[in-house]
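Asker: Here's the letter readout for the chains.
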Amino acid sequence: MTMKKIALAFTALLSLFAFINHSGGIYKTNTGNISFYSYTPVKDIRASNHKVKTAFSSESGQLQFSCLIKDFEFKNALMQEHFNENYMESTTYPKATFDGFITSVSAIDFNKDGTYTSEVTGKLKIKDVSKKVSTTGTFFVTGGIVNAKATFNVNPYDYNVKIPKMIAPKISESIEIIVDSDYTSNNK
Amino acid sequence: MKKIAFLSISFILFGVLLFAYRMYNKPHINVERSKATEIISAEQLFEIFNTNEDSAMNQFSDQIILVTGKLLSKDFSNELEPQMILKTDKESGFIRCGFKPSQLKSLEQLNDLSIIKVKGICKGINGDDELTLLKDKDVTLSSSIIIE
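Protein chains in written order, with my numbering: chain A, 3 to 190; chain B, 316 to 463.
None of these hints come from the bench; they were simulated from the model. Check the hints yourself; a few may be wrong.
To be verified - Partial chain B-side listing against chain A, Cβ under 10 Å, derived:
1) GLU368
2) ASP369
3) SER376
4) ASN393
5) GLY413
6) ASN441
7) LEU448
8) LYS452
Stated by the list, open to error - Listed next, the in silico DSBU-like pairs over lysine-lysine satisfying Cα-Cα at most 30 Å (straight line):
9) LYS405(B) to LYS129(A)
10) LYS389(B) to LYS151(A)
11) LYS450(B) to LYS134(A)
12) LYS125(A) to LYS450(B)
13) LYS77(A) to LYS432(B)
14) LYS114(A) to LYS450(B)
As the list claims (entries may be wrong) - Chain A is nowhere near these chain B residues, computed Cβ spacing over 12 Å in every case:
15) ILE319
16) LEU328
17) LEU333
18) LYS350
19) SER356
20) GLU358
21) ASP404
22) LEU428
23) ILE431
24) LYS450
25) THR455
26) GLU463
Just so we're clear, the structure is a prediction, and the values are computed from it rather than from any experiment. The C-beta atom is built at its ideal place from N, Cα and C for all residues, glycine as well.
Start from the sequences, fold in the hints, and give me the full structure.
Answerer: Rendered as structure tokens:
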């Protein structure tokens with residue numbers, strides 16, 4: 003009788019752990035990628051950041067990003083210098099952040115491999131200016147790793163990025179931002 | 316006389332164009348060849364940034380610094396920029412060093428919890444108190460190299 007009770011308690015405990023493990027949690031990475039592209043007939047500009055800190059809750063759908071502006075790397079050193087000093091003023095405004103939600107998070111089964119899409123909406127903060135952005139995110143679930151990809155466009159003038167008239171033709175008013183991150187649960 | 320004036324203007328114009336070309340194509344900072352402007356421990360560096368980010372940015376950002384600290388873990392999850400995390404005395408505070416992919420082999424040989432010296436370009440502190448899911452903070456270094 004006592005053995006039965008112990009076995010029952012043990013099974014209940016295991017089920018509880020399994021439930022906690024499968025009922026979702028926080029998925030995170032500190033090595034996410036964000037790239038941006040500016041296409042104009044005069045010049046194409048691109049830069050990438052591979053140290054993006056990002057996390058989401060598979061229960062509430064809350065999704066957040068934080069990245070350092072100075073961590074964006076350009077192929078051209080002078081362009082990187084101008085981007086930081088003249089346009090982004092990245093010593094004064096060092097971070098860009100996003101705080102929002104995966105709106106259909108309940109439709110994503112994080113325990114089942116597959117490809118899912120959901121609208122992602124939230125506030126993008128650059129140079130202390132917050133603006134609402136929304137896009138469609140694609141979530142690829144493979145063996146517990148969630149790869150999320152999303153693309154959206156921003157206008158630099160919306161975020162108080164001042165571009166001199168002489169340079170303006172070289173910089174697009176619609177900068178394409180591409181997010182690509184691999185999330186794992188319980189990532190430190 | 317006209318010939319001399321023409322040659323002089325051509326020479327000046329050539330000089331200006333050459334200068335502009337070299338400026339436009341100037342290389343990125345070579346960390347290996349550059350001298351570190353600050354030598355500091357991982358704990359001190361994090362503490363300075365955590366106490367006053369604005370002042371720390373003015374002092375350290377874009378500077379080549381040499382950081383000594385305990386290797387907490389290696390993070391090779393992003394093949395475009397292998398990374399290493401140095402421990403600080405704060406539970407949720409780290410130094411995150413980014414390396415060029417060409418350095419991957421030498422990084423693989425390092426043992427966790429060993430004391431290492433890393434030289435790199437300081438970029439700032441990532442993480443935000445307002446973002447509830449991203450409470451931990453990293454002071455980041457780019458183009459890092461292992462000194463010992």
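Asker: Evaluate each hint against the coordinates.
Answerer: Hints, verified against the model:
1. GLU368: With a closest approach of 7 Å, the GLU368(B) hint holds.
2. ASP369: holds, 8 Å
3. SER376: The hint holds - SER376(B) has a Cβ within 10 Å of chain A, the shortest such distance being about 6 Å.
4. ASN393: At 4 Å from the nearest chain A Cβ, ASN393(B) passes the 10 Å test, so the hint holds.
5. GLY413: At about 6 Å, which falls below the 10 Å cut-off, the nearest Cβ of chain A leaves the hint on GLY413(B) intact, so it holds.
6. ASN441: Interface hint status for ASN441(B): holds (5 Å vs cutoff 10 Å).
7. LEU448: holds, 4 Å
8. LYS452: holds, 9 Å
9. LYS405(B) to LYS129(A): holds, 28 Å
10. LYS389(B) to LYS151(A): Given that 30 Å is the threshold and the Cα spacing comes to 25 Å, the pair holds.
11. LYS450(B) to LYS134(A): holds, 22 Å
12. LYS125(A) to LYS450(B): holds, 18 Å
13. LYS77(A) to LYS432(B): Cα-Cα ~27 Å, so holds.
14. LYS114(A) to LYS450(B): OK: LYS114(A) and LYS450(B) at ~29 Å, within 30 Å.
15. ILE319: Its Cβ never comes within 12 Å of chain A, the nearest being 34 Å, so this holds.
16. LEU328: holds, 21 Å
17. LEU333: holds, 15 Å
18. LYS350: holds, 19 Å
19. SER356: holds, 21 Å
20. GLU358: Its Cβ never comes within 12 Å of chain A, the nearest being 18 Å, so this holds.
21. ASP404: Holds: least Cβ distance 16 Å, greater than 12 Å.
22. LEU428: Nearest chain A Cβ is 15 Å from LEU428(B), so the label holds.
23. ILE431: Holds, because the least Cβ-Cβ distance between ILE431(B) and chain A comes to about 19 Å, which exceeds 12 Å.
24. LYS450: violated, 10 Å
25. THR455: Incorrect as stated: the minimum Cβ-Cβ distance to chain A is 5 Å, not above 12 Å.
26. GLU463: holds, 24 Å
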